[in-house]
Amino acid sequence: MILKNRIGTAIAVFTLSVALFISGCTSKPSAEELRQLNDLKAEVNSLEKQIAEQERVKANLEKEVAEKNDQLKQCQTDKDAVKKATGQ
Amino acid sequence: MKTKIFLTMVLALMFLIDAPSILAQEMTKEQWQQEMSQFTAKRNDLKSKLDKLNGDIKNLQEQSKKMDADLAVCNGELLKLLGITQAEYDAYMNELSGYERRVNELMRLSDEELLKYRDEIMKMNGRANEMAKHKMALIPRINDRIKKLQDNIASLMKTLDKSKTYTVGTWAKDRDCLWNIAKKKDIYNNAWMWPKIWQGNKDKIKNPDIIKPKWVLKIPAGTELTKEEKSAANSYYKKKAEAAAPVQ
Numbered sequence: 001m002i003l004k005n006r007i008g009t010a011i012a013v014f015t016l017s018v019a020l021f022i023s024g025c026t027s028k029p030s031a032e033e034l035r036q037l038n039d040l041k042a043e044v045n046s047l048e049k050q051i052a053e054q055e056r057v058k059a060n061l062e063k064e065v066a067e068k069n070d071q072l073k074q075c076q077t078d079k080d081a082v083k084k085a086t087g088q
Numbered sequence: 001m002k003t004k005i006f007l008t009m010v011l012a013l014m015f016l017i018d019a020p021s022i023l024a025q026e027m028t029k030e031q032w033q034q035e036m037s038q039f040t041a042k043r044n045d046l047k048s049k050l051d052k053l054n055g056d057i058k059n060l061q062e063q064s065k066k067m068d069a070d071l072a073v074c075n076g077e078l079l080k081l082l083g084i085t086q087a088e089y090d091a092y093m094n095e096l097s098g099y100e101r102r103v104n105e106l107m108r109l110s111d112e113e114l115l116k117y118r119d120e121i122m123k124m125n126g127r128a129n130e131m132a133k134h135k136m137a138l139i140p141r142i143n144d145r146i147k148k149l150q151d152n153i154a155s156l157m158k159t160l161d162k163s164k165t166y167t168v169g170t171w172a173k174d175r176d177c178l179w180n181i182a183k184k185k186d187i188y189n190n191a192w193m194w195p196k197i198w199q200g201n202k203d204k205i206k207n208p209d210i211i212k213p214k215w216v217l218k219i220p221a222g223t224e225l226t227k228e229e230k231s232a233a234n235s236y237y238k239k240k241a242e243a244a245a246p247v248q
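Protein chains in written order, with our numbering: chain H, 1 to 88; chain L, 1 to 248.
For the record, the hints were derived by calculation from the structure and aren't laboratory data.
Since we're looking at a predicted model, the values are computed, not measured.
Here a beta-carbon is modelled for each residue, glycine too, at the ideal position from N, C-alpha and C.
A few of these clues could be false.
Unchecked claim - 20 angstroms max Cα-Cα, derived DMTMM-like pairs, lysine to aspartate or glutamate:
(1) H:Lys-84 - L:Asp-144
(2) H:Lys-73 - L:Glu-112
(3) H:Lys-63 - L:Glu-224
(4) L:Lys-65 - H:Glu-62
(5) L:Lys-65 - H:Asp-70
(6) L:Lys-164 - L:Glu-112
(7) L:Lys-29 - H:Asp-70
(8) L:Lys-162 - L:Glu-224
(9) H:Lys-73 - L:Asp-144
(10) H:Lys-49 - L:Asp-56
(11) L:Lys-49 - H:Glu-55
(12) L:Lys-58 - H:Glu-67
(13) L:Lys-47 - L:Glu-30
(14) H:Lys-68 - L:Asp-70
(15) L:Lys-80 - H:Asp-80
(16) H:Lys-41 - L:Asp-45
(17) L:Lys-52 - L:Asp-70
Claimed, not checked - Ranges of calculated distance between the beta carbons of each label pair, as one might list FRET restraints:
(18) L:Glu-95 - H:Gln-88: 24 to 32 angstroms
(19) L:Ala-87 - H:Glu-67: 17 to 25 angstroms
(20) H:Gly-87 - L:Leu-79: 14 to 22 angstroms
(21) H:Ser-30 - L:Lys-42: 19 to 27 angstroms
(22) L:Glu-95 - H:Gly-87: 25 to 33 angstroms
(23) H:Glu-67 - L:Ala-132: 23 to 31 angstroms
(24) H:Gln-88 - L:Lys-202: 56 to 64 angstroms
(25) L:Ala-154 - H:Glu-67: 32 to 40 angstroms
With the sequences and hints as input, model every part of the structure.
Pasting the structure below:
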């Protein structure tokens with residue numbers, strides 16, 4: 001009977017020790033390290049926003065440049081036609 | 001004693017069961033390291049992407065500035081070739097756009113409503129013809145716009161002509177006869193066109209020498225007499241001549 005009790009106690013103590021080991025002894029990042037990670041995530045988020053904005057600016061500029069290019073071509077065509085018509 | 005052992009085992013089991021969830025909520029050092037590496041790589045990618053974008057934008061801005069300068073030079077040369085100033089160019093373009101807009105508005109009106117704008121249309125027609133002779137019309141794209149404007153005005157005038165009418169006044173006051181009506185500037189501006197009015201109103205005019213005050217005469221469109229109108233006029237003149245000839 002005493003042996004049984006001892007075995008039971010040993011099992012209980014062993015199980016408790018394993019549980020405590022698993023939950024308590026795993027290494028965790030420090031508060032400073034967690035802050036670093038959060039800062040990094042915020043920086044990535046901010047960069048993504050900046051890229052979206054700059055892509056919009058770039059698209060507008062590309063459109064503007066294409067329009068100006070058309071105007072320039074048109075102006076050259078006009079000039080050539082006027083030169084031809086006036087014999088210059 | 002048994003109860004103590006039992007409770008200890010239950011407590012230990014609870015710990016064992018709960019341990020994974022505790023671990024899941026709190027990040028392990030390994031996970032932190034993994035996320036740090038992942039986000040650092042992402043940040044570096046984004047930074048280089050942003051740098052490239054900023055470079056592209058700078059290039060485009062420079063390109064745009066250069067194009068502004070080139071365009072200014074080209075426009076200056078064009079104006080010089082035409083012998084006009086920028087202000088004259090702008091005024092011409094504004095006038096052209098204004099007429100285009102106005103003609104489009106008028107084209108949406110019904111024939112009846114259009115009659116109210118006869119004078120304006122005639123004025124626009126005159127001005128469009130002048131604009132077509134301007135140096136600016138040497139520019140093909142402007143010439144095309146002027147031609148389109150003239151076509152649209154011509155179509156408006158055709159509509160006006162189709163629905164043109166004239167209400168006969170009295171001889172005493174207005175000296176209205178077919179000859180004098182045809183001679184009017186806003187009718188045909190040509191007295192010899194009188195048979196056109198006669199033939200266009202055969203339902204009313206049986207004898208071209210007789211028209212009655214308040215008759216509303218249709219004024220057919222055209223600038224020349226048709227074969228039938230000429231033939232009608234000839235037979236009228238012949239009859240007149242026969243009637244005037246002295247009886248022997």
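Taking each numbered hint in turn, which are not upheld by the structure, reported in ascending numerical order?
2, 3, 7, 13 and 17
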